[in-house]
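Using the sequences and the hints, build the whole thing.
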Amino acid sequence: MKMKTIISLALLVISCYACSDEDELNQASNHPISIFIPDYFPEVKYPIQQNMPTDAGVKLGKKLFYDGRLSANNVISCGFCHQQEFAFTHHGHSVSHGVDNGIGFRNSQPIQNLIFFDEFNWDGASIHLELQPIIPITSDFEMGESLENIIQKLKTDDEYNQLFKVAFNEDISADNILKALAQFMATMVSAQSKYDEYLQGNSSVLTNDELQGLSLFNQQCSSCHSGALFTNQEYMNNGLPVNPNLRDIGRMRVTGVLADSLRFRVPSLRNVAKSFPYMHDGRFQTLEAVLNHYRNGIVQHPTLAPELQNGIVLTDQEVNQIISFLNTLTDETFLTDERFAEF
Amino acid sequence: MKYLLYTTMVLFFLGNTSCSGDDEQMLAEGDIALKFDNIVAGSDLIIDNAAYINSSNNNYKVQQFKYIISNVVLIDTDGNEFALPKAKSMFIIDEADANAASEIWKMLNTIDAKDYRSIKFGIGVDQEQYLLGAEGQGDFLDLASQKGMMWGWQAGYKFLRIDGLYTSENIPTETQFAIHMGSHGSSLDNYKEISLDFPSTLRVRNGNIPEIHILCDLSKLFDGEYVFDLEEKDQIHVDAERAPKLASNFSKAFSVHHIHN
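Residue numbers (my numbering), protein chains in the order written: chain A, 1 to 343; chain B, 1 to 261.
Each hint should be verified, as a subset may be incorrect.
[Said to hold, decoys possible] In silico lysine to any residue, SDA-like type, Cα no more than 20 Å apart, as pairs:
1) A:Lys63 x A:Phe343
2) A:Lys45 x B:Gln127
3) A:Lys45 x B:Leu131
To be clear, the hints were calculated from the coordinates, so they are not data collected in a lab.
Structure below.
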């Protein structure tokens, strides 16, 4: 089993810090965090060298992630819509609700393996992991807050003042709030599913049905849901009929280009069994519903992905086999990892 | 403690009474005042009440007018560039901040004391700056949020924002218009850099604050290489076709009217 690891050089810098008992404590907390990545994973796109995750930074990021004070009503934390048990999606919600009964129009996506992406959200609205949280934080139907107010709130909390000093040797600021969140998110790599065991050489771990499902998946689905993360990271129209209540034009919302109309970013399928409901507006409750859409629900449209022009032909048995395979992408270790847990 | 204070004071005085020989080694620096003056052709821009007309016969009033300036560089009389640190040369020019003389002042600090002949700056935020992530934005992120210069659905800046009311031949009732222009994620970069010559030499010296009076002519946003008629479209938010043309028009709206030394 081959692994590649990221090891920070930050420790060298931090160890030159002046010595005192208190500082020794601080030094320990500035230990870099190692992130284990299988060699079959794609390249890291996040410029991690500029914000190396440290023990203190990640702890701070997690505390912020689960802190309702990042929202206007002091209730809606990131964790509210990104629940670990559901692969950091919003349990059972098609779209999420936020402050003041605000209702969104997009399905909450998993927070996992984000360092391998350089564009975020269903329409690629954010092009830097550190800046992505600005969207939900400032959106008036999500958290409805401003970074300025958040800073004022956190400054009244001695624990935060202390944690920021240790992690960044600075006072609380918009930069280091966002960097702490990014450090926390950077550590959330999901690579220990049953399927990963299979990829790492344990050929007997998948059942016959699951192996059949894998084979069918590779033939029918992997042109878009490709690679170790099961996404080509492109924006594609998968033939969903437009929901007249939402009128969501997808990628075109960001680029303004007509050819991007109704295109959404192909999502990763890791932990897909847990991240229901599915699609950008959470319209499908089950994987069966998803596959039935691909079999006979595709709507023709000028921007429809060419691979889906004729739908995907599958028997009922094949549908079950594919779903069996997709279930092997669940990473229980990730879903119960205390390092990411709220409690 | 007293001893430390005494030593510091002694060092301070020594430093300040240094001989002229030291001046050659000390780099003289000064400040510059940028005075942005937003106009519409021959008139001052007056918010809310004044009406203006463009070549497409749109009759418009302006309620909000803001733009982002960044990456300020001064070019001396020998052609050498003096670039301000990126974090110190990002400004939001907001007509609502104008003084009684309709001017918006922004200070440039610690510029090398020399003679300068032109200035270069960017309209908007460049992609490189954006991709620096959280640290790269500094306090500017908060400022931009407060000024309504960020898109909530995209963690990206609006480079230019004009909101107002207009009537036109086929639109007789007063109607809202808005032009919000920025880059579209990573797919469309509307950042433009421009270079403006000074009509006379700018002298930066220690202790003196020269002024650069920059005009921004809003009429050029509508009437440039691209003639923009609000009747065609009066809400520009993410318009891949028009935003680049408007960015290009707007890049020609600036000039340096005069220098005060």
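**Request:** Could you tell me which of the hints above the structure violates, numbers in ascending order?
**Result:** When the structure is compared with the hints, none of them turns out to be violated.
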